[in-house]
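> Using the sequences and the accompanying hints, generate a full structural model.
Residue numbers (the working numbering), protein chains in the order written: chain G, 1 to 525; chain R, 1 to 525; chain L, 1 to 419; chain B, 1 to 419.
Since the hints were made in silico from the structure, they are not lab data.
Quick caveat, the model's predicted, so the values are computed rather than measured.
All C-beta atoms, glycine included, are put in the ideal place defined by N, C-alpha and C.
Treat the hints with care, since some could be wrong.
DEER-style ranges, computed between Cβ atoms [as the list claims (entries may be wrong)]:
no.	chain 1	residue 1	chain 2	residue 2	range
1	L	93	G	160	40 to 50 Å
2	R	53	G	266	42 to 52 Å
3	L	158	B	32	45 to 55 Å
4	L	115	B	32	48 to 58 Å
5	R	512	B	118	22 to 32 Å
6	R	217	B	117	22 to 32 Å
7	R	57	B	333	21 to 31 Å
8	L	10	B	117	56 to 66 Å
9	L	245	G	336	56 to 66 Å
10	B	402	R	57	12 to 22 Å
No farther apart than 30 Å at their CA atoms in a straight line, the calculated lysine-lysine pairs in the DSSO-like style are these [said to hold, decoys possible]:
no.	chain 1	residue 1	chain 2	residue 2
11	L	210	L	320
12	R	94	L	265
13	B	265	G	94
14	R	43	G	400
15	R	400	R	474
16	R	217	B	283
17	G	474	R	94
18	L	283	G	193
19	R	474	G	94
20	G	474	G	400
21	G	430	L	265
Here is what each chain is made of, one letter per residue.
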Amino acid sequence: MRPLDASRPLDASHSDGASRRVALAANGFRAADDGLTIFERSKPGRRAFVAPELDVPDAPLDELLPAEFRRAEAPRLPEVAEPEIVRHYNRLSKRNFDLDTGFYPLGSCTMKHNPKLHERVAALPGHGKLHPLQHPARAQGALELMWNLQQALASIAGLPHVSLQPSAGSHGELAGVLLTRAYHEDRGETRTKVLTPDTAHGTNPATVTMGGYEIVKVGTDASGNVDLDDLRAKADRDVACLMLTNPSTLGLFETGIEEIAGIVHGVGATLYYDGANLNAIMGICRPGDMGFDIVHFNLHKTFTQPHGGGGPGAGPIAVSDRIEPYLPRPQVVRLDSDNGDRPRFDLDYDRPKSIGRLRGFQGNYGVFVRSYAYIRSLGAPGLREVSEIAVLNANYLLAKLRAAGVAKYLPAAYDRICMHEFVLSGAPMKRELEIRTLDLAKRMLDFGVHPPTVYFPLVVDEALMVEPTETETKETLDRFAEIVAEILREAREDPEVARNAPYTTPVRRLDEAAAARRPVIRQAL
Amino acid sequence: MRPLDASRPLDASHSDGASRRVALAANGFRAADDGLTIFERSKPGRRAFVAPELDVPDAPLDELLPAEFRRAEAPRLPEVAEPEIVRHYNRLSKRNFDLDTGFYPLGSCTMKHNPKLHERVAALPGHGKLHPLQHPARAQGALELMWNLQQALASIAGLPHVSLQPSAGSHGELAGVLLTRAYHEDRGETRTKVLTPDTAHGTNPATVTMGGYEIVKVGTDASGNVDLDDLRAKADRDVACLMLTNPSTLGLFETGIEEIAGIVHGVGATLYYDGANLNAIMGICRPGDMGFDIVHFNLHKTFTQPHGGGGPGAGPIAVSDRIEPYLPRPQVVRLDSDNGDRPRFDLDYDRPKSIGRLRGFQGNYGVFVRSYAYIRSLGAPGLREVSEIAVLNANYLLAKLRAAGVAKYLPAAYDRICMHEFVLSGAPMKRELEIRTLDLAKRMLDFGVHPPTVYFPLVVDEALMVEPTETETKETLDRFAEIVAEILREAREDPEVARNAPYTTPVRRLDEAAAARRPVIRQAL
Amino acid sequence: GTPSDRALGEGRSEQEVYEELRALAARNVSTEDEISFLGAGMYDHYVPALVDAIIERSEFLTPYTPYQPEISQGGLQAMFEYQTAISELTGLPVSNASVYEGPSAVGAAGYVAKLTNARGRFVISRGVHPHSRETLRTLARGWGMDVIEAPLRDGVTDLGELDTDVSAVIVQQPNFLGAVEDLTALATAAREVGALTICACDPLPLGLLKSPGECRVDIAVGEGQTLGNRLDFGGPSFGFFAATDALLRRMPGRIAGETRDVEGKRGYVLTLQTREQHIRREKATSNICTAQALNALAGVIYLSWLGRHGIVELAELMLKRTAYARTRLTSIPGVTLLHERPVVREFALALDAPAGRVIERCLADGVNPGYPLGRDYPEYEDGLLVAITELRTRADIDRLADTLAAAVAADRDDVEMAA
Amino acid sequence: GTPSDRALGEGRSEQEVYEELRALAARNVSTEDEISFLGAGMYDHYVPALVDAIIERSEFLTPYTPYQPEISQGGLQAMFEYQTAISELTGLPVSNASVYEGPSAVGAAGYVAKLTNARGRFVISRGVHPHSRETLRTLARGWGMDVIEAPLRDGVTDLGELDTDVSAVIVQQPNFLGAVEDLTALATAAREVGALTICACDPLPLGLLKSPGECRVDIAVGEGQTLGNRLDFGGPSFGFFAATDALLRRMPGRIAGETRDVEGKRGYVLTLQTREQHIRREKATSNICTAQALNALAGVIYLSWLGRHGIVELAELMLKRTAYARTRLTSIPGVTLLHERPVVREFALALDAPAGRVIERCLADGVNPGYPLGRDYPEYEDGLLVAITELRTRADIDRLADTLAAAVAADRDDVEMAA
Ligand SMILES: Cc1ncc(COP(=O)(O)O)c(C=O)c1O
Ligand SMILES: Cc1ncc(COP(=O)(O)O)c(C=O)c1O
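In structure tokens:
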């Protein structure tokens with residue numbers, strides 16, 4: 001660890017009181033300006049947009065669009081010129097922490113490096129400026145790419161059929177639940193319940209409700225697996241589906257998976273695979289082989305679509321033969337020619353049993369381009385290596401934290417080999433050091449790392465969920481362990497430090513309760 | 001001005017000593033990591049590059065390249081993977097202040113906004129991936145663009161002929177001096193001296209020496225103009241050229257320019273226009289009309305090529321008929337067709353009197369694309385507006401500073417209407433507040449603005465040279481005036497504040513003397 | 001097969017993958033490769049360079065959803081600004097931070113209606129985008145709700161009789177045929193039976209059109225692609241979602257809210273999270289988690305670039321060029337207007353030749369004349385939907401007119417010959 | 001005329017300017033539009049995406065030369081890293097932060113020689129790039145110095161007799177014909193008469209070749225385009241400049257140096273500025289001010305991407321593909337080697353047909369076979385210079401072979417017919 005005195009930016013400012021105050025005054029100037037919104041920067045008459053030439057005969061508005069349809073006054077959008085727009089958003093960007101700046105072990109989110117190549121290829125006009133309704137004969141490159149991506153995802157999932165349409169994981173889940181409904185209804189069955197483990201991500205139960213099913217929770221046993229007895233008890237003929245994540249949100253491999261599949265299939269229900277944790281198993285095992293009927297992928301997790309501060313993503317699904325007839329419309333199909341020309345690709349709308357569309361057009365193609373580039377770059381051996389190193393990194397970090405003496409305050413929720421992530425419990429820390437997992441997380445902000453996921457899964461008290469991913473170096477993992485140890489050390493000395501953290505961020509702890517009590521969600525103009 | 005208490009990031013951190021110390025410890029962790037070089041991040045075996053497939057027959061190295069020509073060991077370049085490279089340079093970038101972040105009134109550098117469109121068009125493969133030796137018939141778009149840019153620059157300069165070849169302003173100056181030499185020698189004259197005013201930028205005298213001439217300095221009179229008597233006295237038949245900037249580096253329009261031209265031409269010398277300050281006069285007056293024979297343009301100043309932290313730029317030159325025969329090779333020429341087809345463009349190497357090349361290929365084409373896009377966006381009316389607003393902004397800021405009471409300590413070097421920039425003298429400030437212009441500049445860093453140019457021109461004691469440019473808003477100028485006033489105010493209270501500034505930058509004042517005494521200019525590997 | 005499948009390959013160098021993706025791109029005909037009048041839900045508008053320059057910054061491109069507000073103020077403030085701009089454009093007080101895209105936004109609005117009044121039926125105009133109608137049907141099946149279509153008469157919606165089992169009336173402005181609907185009348189009819197009015201609207205024409213809020217619409221949703229996003233063969237873009245105050249606590253998705261930090265400094269957080277899946281789980285108002293933050297960011301940057309007056313000027317330019325195109329094209333023998341309602345950027349034609357063959361002919365000539373309505377509307381078998389963005393100049397429109405005239409004529413000759 | 005000239009126009013919207021520039025670009029044949037074997041000083045190498053992603057960041061793109069080091073540590077540290085990489089590559093202890101580009105770097109090196117020994121003559125190999133030789137001549141006129149050319153024999157430099165009036169011997173590695181020179185021998189010959197040795201070198205082959213430093217060269221300069229920079233029709237790129245310790249205080253341009261701040265924290269500044277124009281004015285060692293910082297940044301990022309082993313692997317790949325191409329092409333009747341020296345990425349052929357006509361034929365076939373040596377070397381009238389970068393695959397080379405064979409054959413037929 002570097003000597004701390006190589007640091008002290010403000011502390012070392014010469015100690016005279018006046019200078020301290022004015023040093024801060026300087027920040028005052030800066031903050032006052034940085035804090036403005038784009039609307040507050042607006043000044044009448046300023047503009048960035050210049051209209052192209054009006055090259056057609058002019059005509060009075062009233063003739064083209066009667067006054068009764070026209071708005072009274074122009075929408076009060078900002079009036080700003082390009083330089084201010086650029087500076088404004090550039091400055092805003094500096095108030096974000098990002099993956100290209102530091103470690104981002106946000107559990108369940110797979111914050112792996114986003115290769116820059118992907119942005120370059122997605123921006124090629126042939127991809128980026130392709131109209132979604134372009135005649136398929138004139139979009140053969142795009143359809144072939146989608147077809148190839150479907151094949152690749154199918155082979156990773158171990159399930160034969162893929163739809164790329166869903167826009168994100170939760171959208172894939174919804175597709176899965178609606179497919180399940182269509183499947184049962186087609187067989188003349190009406191089922192009412194969907195099972196999810198109590199460790200499930202919030203989108204699972206929310207999806208179940210949106211899909212028109214009633215949710216039934218299944219417990220977790222002492223070793224962190226699905227409680228098989230509870231499952232058996234609850235798996236009856238009213239159950240349409242069990243939604244599962246494997247590895248689970250505890251970062252543990254569901255050892256009873258084959259038995260689980262047996263129970264679920266035994267009552268004629270479908271088994272749904274929430275693919276958020278797929279990064280742990282690529283090339284090692286396959287949901288299809290475990291008995292899953294439906295799988296969703298988070299291309300923005302496992303397949304490096306940048307998260308964009310909350311999207312875009314894509315949530316393709318892979319399904320077994322029995323589910324295939326119900327897949328969303330349209331499907332990309334390949335038409336092989338007998339005379340040896342290259343195959344043609346088309347969009348097939350003629351799918352009588354399809355649940356129909358879940359959205360417009362063909363899905364988030366721009367995301368497909370990036371994920372396809374990723375898969376082509378790594379290939380089968382590379383993808384397997386991704387999962388091996390992701391799991392190795394997680395286990396290394398877990399061991400390293402133990403070695404740093406962290407386990408005493410932050411023990412692993414379940415003492416097992418973890419997969420690509422692990423969950424610690426901050427309960428002892430809270431008890432003995434009187435700081436909460438939230439405080440630990442906030443203090444991490446001062447150390448320049450993004451905190452892990454906190455308070456999820458719900459079954460772990462004061463949970464801290466750590467997913468390092470395969471693209472981080474040993475130095476970064478070591479450093480993170482040191483940081484956690486250091487924060488615990490200082491908490492032993494003075495818990496106030498963490499409780500009042502962060503200190504060095506653009507703003508300090510924010511009052512979320514007040515925000516919700518009296519919501520201000522737009523600027524008053 | 002916003003209340004200062006909207007600021008205080010660290011000061012308000014809860015006051016307990018321990019927390020202050022650890023808050024800084026956190027920074028310690030961050031700094032220790034931020035401070036590394038790319039070589040210090042290197043670890044054996046890591047890599048970003050993956051070699052494309054070897055698709056030709058392999059062969060032993062010795063057969064293809066005898067050992068005696070081969071290096072003993074691989075160059076010790078860093079061993080790092082893409083994620084670390086991206087994070088490393090991303091973090092480095094955050095240790096730079098830039099034009100897209102804040103005000104950058106660096107005198108003589110014309111730090112105007114760089115429109116983002118220019119980067120987009122320069123990157124089009126038809127421009128960016130065009131080989132410089134592509135057959136002219138297959139580079140017609142590029143040659144036409146260069147031709148059009150030549151015409152545009154010619155019309156701004158008021159001189160008929162343009163060469164785009166020089167790579168920057170100083171390169172254009174060198175071209176100008178060599179053209180002058182060729183011109184005189186062609187007429188059988190050998191002249192030995194070049195005149196420059198004592199206000200000249202350093203590149204002028206340096207260029208004179210590199211061009212093989214002896215430098216003779218001309219003084220500045222009480223009103224900031226070239227001292228005409230001194231000029232008359234020094235302008236003899238040995239003088240090859242007078243190099244002038246107009247507006248001068250004092251930001252003042254050279255009122256005696258016509259008389260100056262008369263004197264210089266009277267002794268048969270050439271008059272050279274250093275175009276660094278062209279931003280003041282576009283569309284208002286033209287160097288050619290003032291009697292200049294040779295003009296250089298800084299495309300990276302007046303014509304928005306981004307400065308890139310020290311280049312690239314381009315320094316095209318425009319010349320009069322008598323200088324034209326000596327222009328560098330090759331020249332872009334237009335061949336009009338009589339049968340009404342679109343004209344063809346070609347490169348003309350057949351220029352017997354040319355001084356020859358100053359560099360490879362056709363100049364910094366990528367810069368031409370950006371500057372051409374800029375000129376086309378603004379057009380003649382826009383370019384005139386640029387200069388009008390640039391001058392208006394400078395005079396507004398000068399007046400605003402006066403109004404803020406700054407003039408007492410930082411009076412204008414010459415009390416005249418300024419052009420696009422103005423020069424203040426920090427002499428009274430130094431005398432009465434005991435802080436130097438350097439201290440003022442360093443303290444500005446804490447306020448989030450880039451300081452003006454300091455200690456240039458040399459004829460002004462403790463000079464501060466301010467060029468706001470036309471792309472800054474009134475609010476930004478007002479704010480800058482407040483900041484200067486605030487720094488003077490705090491200096492009255494305690495000069496130590498400025499003397500020890502900056503406090504809030506990634507590093508504080510650096511020891512430049514030590515750096516020069518024992519130069520460490522590469523990493524020991 | 002296993003992942004060592006040919007489908008996955010063995011891995012390649014960056015330059016090889018670049019070349020592969022470039023070769024695939026080369027087999028697509030982009031809007032830069034032809035003169036395209038395709039619209040029908042996504043439009044070829046100019047994306048200013050500053051939008052790309054900003055959203056490519058890693059600080060916006062690579063972070064996750066802002067769960068740690070203290071180090072996410074950039075993204076959160078941008079969401080707040082976005083919400084303000086959308087609310088201003090739609091004339092509705094509350095906006096969320098984005099949903100997936102247009103058609104699923106219509107579905108999301110339907111779900112809010114379901115949660116609000118638990119009625120049995122949606123009445124959706126046939127003028128709503130076919131993809132939106134189909135998406136709503138897909139979802140409604142899960143909710144056990146019916147979806148009834150209201151027909152178009154003279155190009156605009158005829159709601160017919162509504163009753164009190166109608167949960168929401170869903171219309172589109174301008175509708176799929178480009179026609180400007182009388183939104184106020186439609187919303188009034190819905191209100192009379194206590195149904196919500198949901199309007200899917202095209203944001204750029206809103207620079208000129210009465211806002212949904214002014215027309216007393218309850219929920220305005222729409223496709224945000226035209227606001228600074230690429231076509232990308234259909235995505236990613238974003239869906240916007242704005243509503244009345246009454247519906248605030250039933251909104252789906254993220255919402256950024258203003259608050260203060262411990263020192264009283266203004267800041268932003270994700271707020272009203274008790275609506276959301278990670279807190280409320282099965283009781284959440286939606287299951288959405290990852291949405292379209294980066295695309296919505298592009299949206300607010302684009303709207304700032306357009307500015308208060310620019311959005312009006314842009315809409316007026318499209319209005320005038322579209323009017324020119326409408327006259328120019330209907331002067332072609334065999335080409336008539338499918339409706340005569342006012343339009344802004346898009347309009348529908350009826351060809352008296354098979355649209356498919358006519359389009360093929362135009363494509364061969366480097367002009368993509370528009371979208372064949374027959375695909376979704378048997379009743380408009382040879383209908384053609386033509387979109388005129390600011391990127392289509394008068395010269396382009398004249399070129400279209402000549403090409404279309406030739407194509408229609410040629411087809412008629414064929415027919416005569418055949419006879 | 002005045003600036004209201006047609007040359008300037010009246011100003012246009014962003015989309016119109018974009019379309020105009022796109023139309024101009026469309027009239028250029030880029031290396032993505034043909035299979036190009038053009039080199040001769042600039043080469044079509046792959047630029048990894050991360051280079052562009054980083055240099056487009058406004059923090060690198062928009063600042064001026066780092067006059068305020070406290071807020072320029074990013075750029076200054078990058079310069080320091082760049083200097084380290086160049087010095088490592090060239091085997092010379094000191095490097096500056098960049099000069100304009102290749103040929104002017106040769107001129108700048110000549111000026112350092114002039115300042116060092118004030119002798120009267122440069123001896124420059126005819127194997128040095130024609131643009132470099134011409135640039136040196138242009139500048140030497142100002143210095144009142146002569147420029148003598150040393151001929152090529154069997155593809156490499158023959159210095160002949162040197163005397164003590166020679167200020168510097170200037171060679172290129174590999175030389176313009178692609179041949180690897182015996183740098184050690186040349187440097188030794190120069191040193192014997194007390195002249196400096198200046199070597200213009202191609203940085204990528206230095207992954208394999210003995211470094212100039214090892215060969216006891218005094219100044220190594222070169223064109224940096226191949227290190228992560230676009231072709232850009234010839235610029236902007238950067239020139240690198242490295243030398244022995246003895247020459248440190250005569251170096252042109254910026255140099256970044258390590259130092260400490262008042263708290264002892266490591267930092268970087270522009271150093272040894274007393275060499276420079278803004279301090280020393282007429283006594284400066286060069287007049288350079290704005291250089292090529294951004295392009296040099298691309299250079300060090302690219303070198304970090306290649307890495308210690310990558311640069312060797314890349315050079316070996318080129319070496320092997322070039323060897324393959326050399327054999328393949330010389331198996332064509334009427335095509336022979338212009339020299340048989342070892343080469344790395346580029347080699348010279350002699351055609352027994354007029355190069356101009358042969359090239360025209362290949363271009364018509366979508367292949368740009370290389371650079372016609374006749375333009376600069378009357379003695380190689382029908383010579384062709386062929387460059388093989390990692391972007392030219394075996395398939396491309398085979399395609400070239402077929403095209404070239406056909407072109408040469410066709411030309412001979414014509415000749416026979418004419419006879
Ligand atoms: C376990 C799990 N399931 C589902 C989701 C939902 O995925 P998305 O955000 O793509 O809708 C997430 C995302 O956080 C997750 O972690
Ligand atoms: C007045 C003046 N002349 C000449 C120059 C040199 O221009 P360049 O840096 O493009 O070589 C400058 C640049 O700072 C300048 O300000």
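> For every hint, state whether the structure bears it out.
Here's how the hints hold up against the structure:
Range check, residue 93 (chain L) to residue 160 (chain G): about 49 Å between beta-carbon atoms, so the 40 to 50 Å window is met. The given range of 42 to 52 Å is respected by residue 53 (chain R) and residue 266 (chain G), whose C-beta atoms sit roughly 50 Å from each other. Under the hint 45 to 55 Å, the C-beta atoms of residue 158 (chain L) and residue 32 (chain B), about 54 Å apart, fit the expected range. Evaluation of the 48 to 58 Å hint for residue 115 (chain L) and residue 32 (chain B) yields a pass: the beta carbon distance comes to about 53 Å.
Taken as a hint, the range 22 to 32 Å holds for the pair residue 512 (chain R) and residue 118 (chain B), whose Cβ atoms sit roughly 31 Å apart. About 29 Å separates the C-beta atoms of residue 217 (chain R) and residue 117 (chain B), a value consistent with the hinted range of 22 to 32 Å. About 22 Å separates the C-beta atoms of residue 57 (chain R) and residue 333 (chain B), a value consistent with the hinted range of 21 to 31 Å. A hinted range of 56 to 66 Å holds for the C-beta pair residue 10 (chain L) and residue 117 (chain B), which are about 58 Å apart.
Judged by the Cβ atoms, the range 56 to 66 Å given for residue 245 (chain L) and residue 336 (chain G) holds: they are separated by roughly 57 Å. As the Cβ distance of residue 402 (chain B) to residue 57 (chain R) is approximately 18 Å, the hint placing it in 12 to 22 Å holds. At most 30 Å may separate the alpha-carbon atoms for a hinted pair to count; residue 210 (chain L) and residue 320 (chain L) meet this at roughly 18 Å. At most 30 Å may separate the alpha-carbon atoms for a hinted pair to count; residue 94 (chain R) and residue 265 (chain L) meet this at roughly 24 Å.
For a cut-off of 30 Å, the pair hint linking residue 265 (chain B) to residue 94 (chain G) stands: about 24 Å separates their Cα positions. At most 30 Å may separate the alpha-carbon atoms for a hinted pair to count; residue 43 (chain R) and residue 400 (chain G) meet this at roughly 20 Å. At roughly 10 Å between alpha-carbon atoms, residue 400 (chain R) and residue 474 (chain R) fall within 30 Å of each other, so this suggested pair holds. Under the criterion of a C-alpha separation no larger than 30 Å, the hint pairing residue 217 (chain R) with residue 283 (chain B) is consistent with the structure, at around 14 Å.
Restraint check for residue 474 (chain G) and residue 94 (chain R): the C-alpha separation of about 24 Å stays at or below 30 Å, so the hint holds. Between the alpha carbons of residue 283 (chain L) and residue 193 (chain G) the distance comes to roughly 15 Å, so the proposed pair stays at or under 30 Å and holds. Taking the CA atoms of residue 474 (chain R) and residue 94 (chain G), the gap is about 24 Å. The hint holds against a cut of 30 Å. About 10 Å separates the Cα atoms of residue 474 (chain G) and residue 400 (chain G), which keeps this hinted pair within 30 Å; it holds.
Note on residue 430 (chain G) and residue 265 (chain L): the hinted pairing holds, with a Cα-Cα distance of about 29 Å set against a maximum of 30 Å.
Going down the numbered hints, you'll see the structure goes against none, and every one checks out.
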